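Peer 1: The lines below spell out each chain.
There are 2 protein chains.
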Amino acid sequence: MAEHDPLHTPRIAPTHARTMLALRAIVGEAFALDDDATLARYACSTSGAGTRPLAVVRPADRHEVQRVVELAGRFGLSIYPLSTGKNWGYGDACAVGAGQLIVELARMDRIVSVDPELAYAVIEPGVTQGQLAAFLREQGIELWCDCTGAGPDTSLMGNILERGFGHSPYGNRFQHIAGLQIILASGELLATGFGHYPGSKVTHLFGPGLGPSLDGLFTQSNLGVVIELGIWLMPAAPSVCQFVSTVPRQQDLGGLIDALRPLRLDGTLRSVVHIGNDLRVLSGGATFPFEEAGGASRLPVGLREGMVARAGVQAWTVSGCLYGSQAQVAAGRAAVKAALARTPARTTFFDQRALAAGSWAGRLLGWLGLGQGLREKMGLGRALLSLARGEPGGRFHAGAYWRCRRGLPLDFPAGADPALDGCGLLWVSPILPMRGADALGLHALVSPIFSQHGFDLFVTFSLVNERSLCAVLTIAYDRENAAETARARICHRAVFDAVMEAGYIPYRVGIESMALLDREDDVFWKVAARIKDALDPQGTIAPGRYEPAAARRVQAKQ
Amino acid sequence: MAEHDPLHTPRIAPTHARTMLALRAIVGEAFALDDDATLARYACSTSGAGTRPLAVVRPADRHEVQRVVELAGRFGLSIYPLSTGKNWGYGDACAVGAGQLIVELARMDRIVSVDPELAYAVIEPGVTQGQLAAFLREQGIELWCDCTGAGPDTSLMGNILERGFGHSPYGNRFQHIAGLQIILASGELLATGFGHYPGSKVTHLFGPGLGPSLDGLFTQSNLGVVIELGIWLMPAAPSVCQFVSTVPRQQDLGGLIDALRPLRLDGTLRSVVHIGNDLRVLSGGATFPFEEAGGASRLPVGLREGMVARAGVQAWTVSGCLYGSQAQVAAGRAAVKAALARTPARTTFFDQRALAAGSWAGRLLGWLGLGQGLREKMGLGRALLSLARGEPGGRFHAGAYWRCRRGLPLDFPAGADPALDGCGLLWVSPILPMRGADALGLHALVSPIFSQHGFDLFVTFSLVNERSLCAVLTIAYDRENAAETARARICHRAVFDAVMEAGYIPYRVGIESMALLDREDDVFWKVAARIKDALDPQGTIAPGRYEPAAARRVQAKQ
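Residue numbers (the working numbering), protein chains in the order written: chain A, 65 to 622; chain B, 65 to 622.
In isolation and in its complexed conformation, chain A is listed as follows (with noise of 0.2 Å):
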């Protein structure tokens, strides 16, 4: 440890063939990579503007983590730590700024221990949902991890620590997890909750821990590497019933979230419901028509009613689940069915049992309108219901692929990868009251920007807790042509600064909003800058990731 120094820097800035030299020693040569094809791989973006890293590093382990860690304080480098680096839509594998040392953690896919009895998990950040799902499977485990719809392969680890949610009662994924292990930028290694205590038994089992919560400082931020997290997995519920409701205008969409609030306020709803408008289930399905479009970048009015009515969707679609005893899912069914009389909503509820008889849910979902085709139909119940079972996979990130000329990969949804396979996506995400009122007011806000940026408005609202909504407006654009690209930016950019205006703040923001995220005299920020001081006084961990007055700096360079 003689070496390690961090305010140590040597007096003649390493060359770049010296620090590729030093990363191989470390990680070996397979795993330190600034060819060409790497840095443009890492640099590709779905939202069209991505940053260029250094090399990328692919560490084994933790100390192998450590050590570049510390390599880049002696350096001077800045590294730019990712999981699977599949965070679509909100920057992809892109560092904040350029230049950035991309220290990748997917080779640590390590499932470190599974506890049957109190259900959860020990996960390294390489670990994926359908990784653990299939491990859980395989072993016999009557557990189940939430899912996201981003598809399998996405990093479990690298979602939570930017707090997204997935479907099932533990879709509020922050609130489940318990016990971190963090590399910080002085090489020490960081247990948070109970987990620094030698013999803890509790590690994995209460969050908090004793005296400051720190757990809360390394998701959405810069302070630290997570390398190891415990993730609290359901019991399999013996009865899961899926329900499906939709409306048939736009502005039942009040309604419905107001008939929806008492169900998830009183614990009868304890999964998180989605709720998404037309285009959104549409392009689970198909893709832009660009011939019959004649150009535009929006579809046109007639075409559109043309593409909802043959594929019978309705304005809005409510996708939501009831799990337990056979009991405990009749009685929530019945508070759901009592909820949604008093609104013009059309609901089916199905289960695996009612898939599997076929016809009569072909038939449910049919009367729905949900889609033609009974083959499309169960697709879709019986996607949700594997979601809802842990169990991810489905055509849910389909939507990316909207105005992808090159159309959905043909082996979709194995292997999908809108930043590579050239999808344009760029999302806003802000938090609204659980209210009608509010999600039309929110919905009525951004509509005429979408429009008048030539923009098709694809929207869901999840009822991500029991008091609010995450709306999750979709900018889905042609990235193969640079003014609509640059049109999509300035649309973002235009629907970012309205929902924050607003006062509806995004939950989570890409890197293109990183700089945006303070304003003058913000003690909450200047707060966070003098935490990352303290832990990171060379800034050497992703400079300018929720770092506003960094990430200005860092893209000025650019």
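Since the hints were derived computationally from the structure, they do not count as laboratory data.
All values reported here derive from a predicted model rather than from experimental measurement.
It cannot be assumed that every hint is accurate.
As the list claims (entries may be wrong) - Only pairs whose alpha carbons sit at most 25 Å apart, straight line, appear in this in silico SDA-like list of lysine to any residue:
(1) K401(B) <-> S389(A)
(2) K265(B) <-> Q315(A)
(3) K401(B) <-> L472(B)
(4) K590(A) <-> Q602(B)
(5) K401(A) <-> A101(B)
(6) K590(A) <-> D322(B)
(7) K590(A) <-> A566(A)
(8) K621(B) <-> A101(B)
What the hints assert, rightly or not - One side of the interface only, derived from the structure: several residues of chain A facing chain B at Cβ under 7 Å:
(9) P272
(10) G275
(11) S277
(12) A405
(13) V587
Claimed, not checked - Below, a sample of chain A positions facing chain B; criterion: calculated Cβ distance under 10 Å:
(14) S264
(15) K265
(16) L274
(17) D279
(18) L329
The C-beta atom is built at its ideal place from N, Cα and C for all residues, glycine as well.
Chain B: place on chain A using the hints.
Peer 2: Okay, now just chain B, sitting in the frame of chain A:
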């Protein structure tokens, strides 16, 4: 603000008289006190080793808090913020070190707002659980606030910032808050979550905000003075069903916990379930029989058996609650029944109607062995149900008076204050895995330590989240007996050391344990100290509170 420079200290340390003058200039004559009676009152501790403060100041609002903090920085004083100072068993209203300036925030007792639709309140530090319950009742707002058993006069915020827990589905209180406002040592006002964005409509609806989540830093810590927070409230449930179970033998505890775990894990039991031993239940209605015990500090075996038998109390008593529609509660009740059918537990369920019916419920409670005399039984049932429905009260902290020679105050529980009433009380509250074997193991570990030091063991196990138990081990002793007080403190230390050694780490500690929280080279506490330095470089706020190195320093002076 010209005079505010945290690094400036006056050349001549201010005299005490000058300090008092300056404090009175801020808060007014009546609210800056240093008379003997006041200092003695705040030095009064259930631990028998309170610390005498420099003075007590009681600001009326945030501006006064800000000015007191700034003054403390200038004058080189240490301030010690309290809400209402009823942290019984953990240090009461006492600072970690003597000679600190108590800043008691009880006058800041505004219920700033209540949102009946989105179910939250915004409160100041002085708001008590009884006050909020009364406000909701009087305003006809059908929301309930989670209650602890500590009585109506205790501060909600004080308990939340200590990460205390109550009895309802919102019992895990720290997970049911959003949007803190904090005065920092610099005098700056920090708003966490979304609260620092002007016009935010979602400050109290979604806790983590955007960027690093800082809330955890301000719980169990000394990094700022929290002056406001949003607390989530439950919608009043149409049906609330309390259940009480008992098992006859000590060793039945294991099976009981193993039977309840799946119900807590699968969401059948969303509220915090409490399990008390025979003495814990007995002490709700009786104090130590000093005369019959003939000078023993521990109940002689025969006497204990007699008391327990006469009161009809069983080895362990479970108290839990189901909330929802009638159908949901019925389904939950069936699940609880089925799970407990595999144990020797005898269970009864009751709701308000059943209690109103009187004799029937009385018969059932009698059958369970819950004490003799219908009046008392109904008292317990009613108190449990009230607590579950957001009405703090009952005799749940009567146990603090067990070894109090004066007995319970005549008007107990109104206005009871165990610290001022002379009670001797020390708590150790380790977290353990929610497994019967761990609960029995902990019991076997600590029982001999209590015996050896001549104390009865009072214990509750609370199913505080889905995976862990919190054991609250109570040492109730005669504070008027100096030798017994010394022995109690030795016993407390021995129990603390034993549970730490066994890996069952406390979730919260009293001021006497603050110095023991770190161990050699503990990165966690080094990081906490770096953050403290960054936010409070002079160490103005509560030196030693969850800050082990500083605790040793300030306590060495005593």
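Peer 1: With reference to the structure, classify each hint as holding or not holding.
Peer 2: Checked hints:
1. K401(B) <-> S389(A): holds, 13 Å
2. K265(B) <-> Q315(A): Between K265(B) and Q315(A) the Cα gap is close to 22 Å, so the pair holds against 25 Å.
3. K401(B) <-> L472(B): Given pair K401(B), L472(B) is violated - Cα atoms ~37 Å apart, limit 25 Å.
4. K590(A) <-> Q602(B): With a Cα-Cα distance of about 18 Å, the restraint between K590(A) and Q602(B) holds, given a limit of 25 Å.
5. K401(A) <-> A101(B): Violated, at roughly 63 Å.
6. K590(A) <-> D322(B): Measuring from Cα to Cα gives roughly 48 Å; hence the hint is violated.
7. K590(A) <-> A566(A): holds, 23 Å
8. K621(B) <-> A101(B): holds, 23 Å
9. P272: holds, 6 Å
10. G275: holds, 4 Å
11. S277: holds, 3 Å
12. A405: violated, 15 Å
13. V587: Constraint on V587(A) satisfied, holds at 5 Å.
14. S264: holds, 5 Å
15. K265: This hint holds: K265(A) lies near chain B, its Cβ roughly 4 Å from the closest one there, short of 10 Å.
16. L274: holds, 6 Å
17. D279: holds, 6 Å
18. L329: Holds, because the Cβ-Cβ distance from L329(A) to chain B comes to roughly 5 Å (cut-off 10 Å).
Hint compliance for this structure: hints 3, 5, 6, 12 are broken, all remaining hints hold.
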